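Here the protein sequences line up with chains Z and X, keeping their order. The opening residue of the first sequence carries number 1 in UniProt numbering; numbering runs sequentially from there. The opening residue of the second sequence carries number 1 in UniProt numbering; numbering runs sequentially from there.
In short, the hints are calculated from the structure, not lab data. Since the model is a prediction, treat every value here as computed from it, not as a measurement. Check before you lean on any hint, since a few could be wrong.
Restraint ranges, calculated between C-beta atoms of paired labels, are given here [claimed, not checked]: (1) I31(X) to V215(Z): 34 to 40 Å; (2) I378(Z) to D81(X): 56 to 62 Å; (3) L132(Z) to D81(X): 49 to 55 Å; (4) G145(Z) to G98(X): 49 to 55 Å; (5) T135(Z) to D81(X): 47 to 53 Å; (6) R586(Z) to E161(X): 54 to 60 Å.
Don't be surprised by glycine CBs; every beta carbon is placed ideally from N, CA and C.
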Amino acid sequence: MEAIASTEPEIAHAVDTAPAVTLAPAYINGSQALMRALVAEGVDTIFGYPGGAIMPVYDALYDFQDRINHILVRHEQGAGHAAQGYARVTGRAGVCLVTSGPGATNLVTAIADALIDSTPMVCIVGQVGKKLLGTDAFQEADVIGITMPITKWNYQITDANEVPDILSKAFYIAQSGRPGPVLIDITKSAQLEMLTKPFAYERCRSIVSYRPRLVPKKEQVEAAAKLINEAKRPYIFVGHGVQIAKAEGELLEFIEKTGIPVATTLLGQSTISTNHPLYVGWLGMHGNYGTNVLTDEADVIIAIGMRFDDRVTGDASKYIKQAKVVHIEIDPSEIDKIIHADAPVIGDAKEVLKALIPLVNANDHTVWRNEFRKYEAIEHEQITVPELTNNGEKIKMAEVIDMLSTKTKGEAILVTDVGQHQMMASRYYQFRRPNSLVTSGGMGTMGFALPAAFGAQVGAPDRQVVAVIGDGCFQMTLQELGTIVQNKQPVKAIILNNNFLGMVRQWQQLFHDRRYSFVELQNPDFITIARGFGMDGQTCSERDNLSDALDTMLAHDGPFLLEVIVEKEENVFPMVPAGASVSQIRLK
Amino acid sequence: MTTYTICIFTENTIGLLNRITIIFTRRRINIESLTVSETERKGVSRFTIVIQHESREDVEKLVRQIRKIVEVMAVFGYLNDEIVFNEIALYKIATPLGAKSLDVETINKQYKAWVVYWGLDYVVIEKTGNNDDIFAFFEYLKQYEILEFVRSGRVAVGKTEKGLVEYLPEAEWAYYL
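Pulled out of the complex, with its shape left as it was, chain Z reads as follows:
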């Protein structure tokens, strides 16, 4: 994939020339080959956790500490999410290294999350020795079988000679086309065996049976351009694919020429600055009012790098029936999967937009664009203003995010968990830079944010990383505070604490007659916990102190946990109820 090729490290094409550290250069064992393959692939960071069946690899790693920064997490799920955070901000595969059995099964949630959110990841998992396979040996789990439906590709290495080829294939598959997680299961015997030929590493460039199309077919681009040029009320949906393809610049050029309004999906956020005049908001269940309602008014929808998730479409059988659809996608299986595409264009978003720009007519669609402003005014008056200027006793989530957005000038990388705080963070953070939202979209994995924020900070050391976390989510992976402290990463974490599993409570309130079934939490003292881990923190429960508390957090040298006590029973609106059509969006 071109986007990846451009970030390739220097050693890219070379047969590995790194000097062998402890052994004669020609003959090394599987574990050493693995290390040298990682170095040749340009891997500088690994998130991992050692254990019995991966010990030979950890032994080899001991000699590679100067070239590979291994980060010891506290739980393998943390390694997975940290690798995701790293991958999301760098565009390169996040690498995990864990042991067999429980080590591998603990990674499963993160792998599934990475698959559905198209995140490149290479998971290297130990396995019992070849002779013990299938004998119910200690810490043996059928990891290939378990991860088959949730990986883009997986493979079991049982022969040390396979290491270089399989590793290069793994990185190529994970990072090319529609990115995704790859799992390599390596038996302990293969880790220990000597290679019977000299180590040589060549980066994989193609696989006969796997050829993602990057450059689109000319006739598909022309058909799309024709629909776009004839459209009276065209509307662009931007998904995660645009940022994955690093096509933000092409997108801007395309929309500024055509004057077409742009909405994003949850994961598409931050592709375009929220103050861009053509940006109209985001789509879906808790997206904006006008962006949802006006999907039913558009005559041509141009969907770029998105997959019409049910949280975007609501009732898909009633969705955009009036519109022609141009669907720009790198994954052909997404075409017609949910919504019929009148003009599908298979290709990398960057390549497609480049091809499309010269074929589309300049336009400005002023009247159509102004319709969005009408709905914006309604939403502003009925939701945004009351949420930001309330004088209630308790702080509202919206106020925290709005203030954070102002104080960070919209320049931070925002990492969110899953639930009400996630939706509020998306609503109120004013993104100014691309690649600035890291969130678990498709899988909706609670506990994602803390380790992902850590990984994002490791991947983007020059940027301010702020995690916004719910009190429920935080307790799923809070052990990773230890990882953050040990590695001295200046992650700032904000817990929006309402003592509830807020989103579930909201649904119970709205759709289950306020029968609050197991959603109230008796929480620990989060700040004491943070201090126990050696991390500073403070609690803020008064509106008057919020600004100072945020300043303290942002100015703090090192990691910091800020707990904000927010209103207990707050709801996120607008909301398209599950299974309803987008036009049935509720403002209260």
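Got chain Z; can you put chain X on it based on the hints?
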């Protein structure tokens, strides 16, 4: 319900069968029959999977999901009239002393089936044909004691001029032919 025959060309690797069938399981599509063999190209396997489905659209989506597997080179979905297909069946018939004697002439001429093994007091008859042929013959054989009956999955070739392997991605193929 319409019968679809899905031909999948893949690299010959361990675990691929599982990866393919997961796609059917997840969509709750029952596999009626499945046959795997190596093709005229070395290292290329051919899966022939028969399913019944109401919606052509869903079968097309299924085909695209299968194509997405890294080791899959090409996938073709067919209706019955677009392919030549066959199955093979073996019937093990008891022939103890004093039992009704087999009418080998009818078996050969009318049913195009052949006795392929003579045991001491049984025979094994082989028949190729489609589902209906094989069951018609089964009905006929009910007058004898059927000890065992087994039939294979469908194998099929397209009615196109070219061989399907011609559609595979270009590479340095080694041929058996």
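Evaluated hints:
| no. | hint | verdict |
| --- | --- | --- |
| 1 | I31(X) to V215(Z): 34 to 40 Å | 36 Å, holds |
| 2 | I378(Z) to D81(X): 56 to 62 Å | 57 Å, holds |
| 3 | L132(Z) to D81(X): 49 to 55 Å | 51 Å, holds |
| 4 | G145(Z) to G98(X): 49 to 55 Å | 53 Å, holds |
| 5 | T135(Z) to D81(X): 47 to 53 Å | 50 Å, holds |
| 6 | R586(Z) to E161(X): 54 to 60 Å | 59 Å, holds |
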